[in-house]
Amino acid sequence: MACNSSTCNSSGCYKGYEEEEQPKPNTKAAVNGGNSCQNLCVKCKVNEPVCCGIGGENSRFCKDCFKNNLYGKFKQAVTYNAMITPPDKVLVAFSGGPSSRVVLQFVHEMQYKAQKNYDANKDKSLPVFGVGVAFIDESSTHSFTSQHIEKAIEDIRLIVSNLAPPSKELFVVPIESIFSSDGIDGKERLKELLDAVSDVTGKEDLLIHLRILLLQKIASENGYTRIVLGSCTSRIACHVISATVKGQGYSLSADIQYVDSRWEIPVVLPLRDCPAQELNTLCSLDGSLKVVELLNGPCSGINGLVSSFVKVLQEDNPSRECTIVRTAGKLTPFHFNRVPEIHDSNVPSATRRNQKRYTLKPNGSLSSDSFCPICNSPLKKSNFPSSLRSHGSQQNPDLFASACSSCQFQILPKDPSLMEEFLSLLPQQMITKAKHGDQGNFSLLR
Amino acid sequence: ECFYAVFEEEIHQVILENQLFKPGERIAIGASGGKDSTVLAYVLSELNRRHNYGLDLFLLSVDEGITGYRDDSLETVKRNELQYGLPLKIVSYKDLYGWTMDEIVKMIGLKNNCTFCGVFRRQALDRGAALLKVDKVATGHNADDIAETVLLNILRGDIASFNSEFINIRFSLLLMLGCQNLNKFSTYAYFKKLDYFSTECIYSPNAYRGFAREFIKDLERIRPRAILDIIKSGEDFRISTTTKMPEQGTCERCGYISSQKWCKACVLLEGLNRGLPKLGIGRNQGLNSDGKKDRKRDSRTPSIESKQCGSLEF
Chain A
1 MACNSSTCNS SGCYKGYEEE EQPKPNTKAA VNGGNSCQNL CVKCKVNEPV CCGIGGENSR
61 FCKDCFKNNL YGKFKQAVTY NAMITPPDKV LVAFSGGPSS RVVLQFVHEM QYKAQKNYDA
121 NKDKSLPVFG VGVAFIDESS THSFTSQHIE KAIEDIRLIV SNLAPPSKEL FVVPIESIFS
181 SDGIDGKERL KELLDAVSDV TGKEDLLIHL RILLLQKIAS ENGYTRIVLG SCTSRIACHV
241 ISATVKGQGY SLSADIQYVD SRWEIPVVLP LRDCPAQELN TLCSLDGSLK VVELLNGPCS
301 GINGLVSSFV KVLQEDNPSR ECTIVRTAGK LTPFHFNRVP EIHDSNVPSA TRRNQKRYTL
361 KPNGSLSSDS FCPICNSPLK KSNFPSSLRS HGSQQNPDLF ASACSSCQFQ ILPKDPSLME
421 EFLSLLPQQM ITKAKHGDQG NFSLLR
Chain B
1 ECFYAVFEEE IHQVILENQL FKPGERIAIG ASGGKDSTVL AYVLSELNRR HNYGLDLFLL
61 SVDEGITGYR DDSLETVKRN ELQYGLPLKI VSYKDLYGWT MDEIVKMIGL KNNCTFCGVF
121 RRQALDRGAA LLKVDKVATG HNADDIAETV LLNILRGDIA SFNSEFINIR FSLLLMLGCQ
181 NLNKFSTYAY FKKLDYFSTE CIYSPNAYRG FAREFIKDLE RIRPRAILDI IKSGEDFRIS
241 TTTKMPEQGT CERCGYISSQ KWCKACVLLE GLNRGLPKLG IGRNQGLNSD GKKDRKRDSR
301 TPSIESKQCG SLEF
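Chains as they are written, first to last, in the UniProt record's numbering: chain A, 1 to 446; chain B, 1 to 314.
Keep in mind that the hints were calculated from the coordinates and are not lab data.
Any given hint could turn out to be false.
[Claimed, not checked] Derived Cβ-Cβ restraints for the label pairs, each shown as a range:
id	chain 1	residue 1	chain 2	residue 2	range
1	B	GLU103	A	LYS311	36 to 42 Å
2	B	GLY109	A	LYS116	54 to 60 Å
3	A	SER220	B	ARG156	37 to 43 Å
4	A	GLU315	B	GLU103	50 to 56 Å
5	A	LYS75	B	GLN248	22 to 28 Å
6	B	ARG274	A	TRP263	53 to 59 Å
7	B	LYS111	A	ASN39	26 to 32 Å
Think of the CB as a built atom: it goes at the ideal place given N, C-alpha and C, for glycine as much as any other residue.
Please model the entire structure based on the sequences and the hints provided.
Structure (structure tokens):
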């Protein structure tokens, strides 16, 4: 949906939504060349438009329609992919940014409506899904003042407590909790681990891998069955490019689908079809959607470069992010890119029948897939070392051999003598995976 | 000296490992006069001599009709013909299609002209190759070029191209030097004092490829191996082979290979000749009902466009 009005270039559009507090329909009319097509929301044709969607002049909405449009995309993603069903307990990963805030809001509204239906319904057959919120405190990796981070956490608590009923549990967990030992030890170990990675991009990516592992841990320890990420179209577009640049073309399709069931707790991306620009607009339009900005600083290295590149492309053509995601969407997903089948007999059979369409069979072709212990990306068969040489013992799995080429290059230490020490710094979950990787190797060879 | 030896040896290894040539084959080298094709011509003729590949080498050059650029670079190629002793054939857009790029730009402006040039050049190379009766065409695409193309395909929605980039479909266009980085080429050419032409096409600043090129240059500064990683990603993309490959047929108008009723070049030409510069550009790429009407009428187009391709072997 490229902006096809010749007078409205993309930067004009951006300016359009920044003026949302004081809607200036007259200005817009002037931009339009005095277009007699009156200044009404394109959807309801009743209210005055206050903002532009990604489609430029063709998608000028009033506040309500704009929000409903986004909510609609969210809802469709959830229903079509059977992301959330009644017996689920859903953990929303909350970073404080606009995408997080919107996805939390939408999940809440969905839950609220479900609750209302449940209360109004006599037979109470469909229970309402539960929602929890997880915030990962990464302050030990940055130089925030403790005051800053405490204020942020306070704001988050307030946000979550206001999203009730139904009430939601909030988990504020420091990133170093990924290691079984907590507190000072954890902080030290994390610092040592990150210092052991010389590549800037590798460091950033390792942190991301640790983050997702921690979310898995929180979800699993507290009985959650789904993790919801607020990843929007823009973030996914950046990931497409950066994965390509890092040589991860094979595993790319695994990361960008609606559902990712590689993990113990499946991860879902309901905002996949929502561009960041629109989410930002929604947050600025709606006063209740308070955003907690933790200035993590710009990403450096490859991730930062890709971000700026995509930004430049967006300025040239506002629909570029959508095109990138659509193109990458044509790549073949993996078998785990669907929700797992439900075996719970408490779930009504209608729901289970519905789910069957979108689910994977638990005994599917899982066994032949192997994954990188660090980033969990599926490994191409040919990448697997076929030699029967000394693959480590049970105590010291051959980390290097079982990792993907990208992690081998940017995360693992170059010097083999440092490998053992690096291994000792990694969280247990990754080491276990490395061990299984070796064993997987054996089972294939039998 | 070591650099030359290593560079030449690497290329020799690529040729051997992939069994690119057989003795007695006739090979056309796509020669633009620029550093990549000049290096390619030089090295290939050297290796042919040194290792006795037994190949008949030719230089094939395309004249798009761009004044201030192509006319100068063609002089370089003519000199190469003498310097390397390789017979030269020049095919021109004017002869093949009746239009020079300058004329095309005058008509359609600076936005989509690269699309025309790319399509026309591919066909021109094929036709030139047919005239020379060669078995293969070698091009001097380097790693940077291929990485740019991979990125462009992602940015512009062209997944189907991934397969054809890496598999030879028509005349085996050989991405021989795809393993070599851009820098090695310029270094080789410069130090060997090879005669080459180093100016960019005057229309290139407006090309979309510029975005990708800029990005890759920045990328190389941070992580040089990223260029090869992009190519590796392109090769590894999981593309369903069943759905993507278009059917190979022939163009009704000129007989060239085509997956549609008319080949792309004919569609574009039709647009030019009818004063419809947008024909063939953008979403509605076919001729649809207009095309059907046209084919029933007598063709007003000059005889060149309806020229058969001659002895093309697919």
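Here is what the structure says about each hint:
Here the CB-CB span from B/GLU103 to A/LYS311 is close to 37 Å, well matched to the stated 36 to 42 Å. Between B/GLY109 and A/LYS116 the CB atoms are about 58 Å apart, so this pair conforms to the stated range of 54 to 60 Å. Between A/SER220 and B/ARG156 the CB atoms are about 41 Å apart, so this pair conforms to the stated range of 37 to 43 Å. Between A/GLU315 and B/GLU103 the C-beta distance comes to about 33 Å, which lies outside the given range of 50 to 56 Å.
A hinted range of 22 to 28 Å is violated for the C-beta pair A/LYS75 and B/GLN248, which are about 44 Å apart. At about 57 Å, the beta-carbon gap between B/ARG274 and A/TRP263 stays in the expected band of 53 to 59 Å. Under the hint 26 to 32 Å, the C-beta atoms of B/LYS111 and A/ASN39, about 31 Å apart, fit the expected range.
The structure shown violates the earlier hints numbered 4, 5.
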